[in-house]
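Which chain is which? The protein sequence lines are A and B, in order. With the first letter of the first sequence counted as 1, position 62 gets the number 62 in the numbering used here; the numbers rise by one all the way through. With the first letter of the second sequence counted as 1, position 55 gets the number 55 in the numbering used here; the numbers rise by one all the way through.
Some hints here could point you the wrong way.
[To be verified] Far from chain A, some chain B residues (derived; all Cβ distances over 12 Å):
(1) H66
(2) D70
(3) Q150
(4) G153
[Said to hold, decoys possible] Which stretches of chain B does chain A cover? Using the computed rule of at least three CB atoms under 8 Å from a CB of chain A, they are:
(5) 92-102
(6) 135-143
[As the list claims (entries may be wrong)] Partner residues are not named here, just some residues of chain B that face chain A (Cβ under 7 Å, in silico):
(7) S47
(8) R167
(9) L170
(10) R171
Just so you know, the hints here were simulated from the structure itself, not pulled from any lab data. Even for Gly, the Cβ is constructed at its ideal location relative to N, Cα and C.
Listed here are the chains, written in short residue letters.
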Amino acid sequence: MISHLRITCEEATRRISRGLDQPLDLGERLGLYPHLAACKFCRQFRRQTRILHEAFRSLSRAEGSEAGVDQIP
Amino acid sequence: MSASTDFETLLGEHRPWLLRQATWRLGAESSAADDVVQETLLAAWSSRDQLRGAPSRGWLAGILRHKVSDHWRRTPPPELEHRIDCAPEDFDATGHWIGLGPEWGSPEEILEAEGFWKVLELCSRILPVQMYRAFSLREIDDLSVPEICQTLGISESNCHVLLHRARLKLRGCVGSKWGAPVGASKP
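Extracted from the complex, chain B is given alone in its bound form:
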């Protein structure tokens, strides 16, 4: 087997993992995950000479993040989304909570629960495109607000609004599918 065939095999082994990573970053746009991963693998293949040793997940993830940003530049968020800037549905007219949400359990327990991750993934896909783009850059990739603004071409105040709404919406969605009703006794 030639060195380049070896490299191709190694890249192929990372493909399922890259697809998962792309899917999480793309939310409602996850149908683009295949293309983004394909572009990532092609770019990895073209830069194989710059890499000493086998391709690592860290290295590939760096390329993937660039390819996700490329996809976003090519695909502006839907126009209609600009209208979502109405008051969040969680509060009444005076700005107070309408009700207490269900409790989720301890962080240690739920982050180990497969069902929680399924719910989280489902909920990540109901968020508006631009909102989830900002959220995934912040929470998955740990970018600062100024970096997110630069990547998405939005203002800082808009970014804070998107992140706030994303957290409200995700929390509401997860609570409706996962949490125990208030007052239910814990096992």
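Bound-form chain A, shown alone:
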């Protein structure tokens, strides 16, 4: 049962990436969470892709906040 859930790091990163784009289904999460608990490599990948996500998202957030300022006559 457990070995059935075992996934490679490459597959784990695929699911981490997918998880940033849409909710993962139960099957995807079941394999991913024990893998992450045991694998510091994939935890690092998840940390760093989240930083990339934050960084790129902030580029368009700046546009929204400053838009308000620009509308002041």
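Fit chain B to the given chain A structure using the hints.
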């Protein structure tokens, strides 16, 4: 000064900011940023009557996003890129990491660091064209995967592959130029 001259002046003030926004969205194609911004300003100028008040960044960014998509429709990604679908270089034959990458520091620290943004911009330009198009639509513009597929004319599975590879490549590139070696003590 006439009202239209005022509007032109206001648009001109946004130009440097629009260029930065276009450059980030275009990655390796950033040489097209000037043209895209020019088209954005022209379109903004033609719709000035629909706008009450001064042009805002939010309004201009909306036009810019359309102009970037227009550019992509006119410029298909290079044919050779279809061949990049080989296994990512980060893993060995059994699908496990070849090595641990360097640590980057805390998100709060690095997002404030000018050097990090320079590295990020440099790395955004080494990504293959179609890969970065998908990535920028997802991460900068917050489009959903179905919306990206529609914009780029690709399948959902292809989109997930592109986003996964983009994240692996960007992370690898940033790590090679920014991160502290593993085991190095933090200040």
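Going down the list of hints, with the structure as the test:
1. H66: The claim holds: H66(B) sits with its nearest Cβ about 15 Å from chain A, beyond 12 Å.
2. D70: About 19 Å separates D70(B) from the closest Cβ of chain A, which puts it past 12 Å; holds.
3. Q150: holds, 15 Å
4. G153: Check passes; 18 Å lies beyond 12 Å.
5. 92-102: Our answer is that it holds, as 6 residues pass the Cβ test (under 8 Å) against chain A, meeting three.
6. 135-143: holds (count 7)
7. S47: With a closest approach of 16 Å, the S47(B) hint is violated.
8. R167: The hint holds - R167(B) has a Cβ within 7 Å of chain A, the shortest such distance being about 5 Å.
9. L170: holds, 6 Å
10. R171: Holds, about 5 Å.
Hint check: a violation occurs at hint 7 only; the rest are consistent with the structure.
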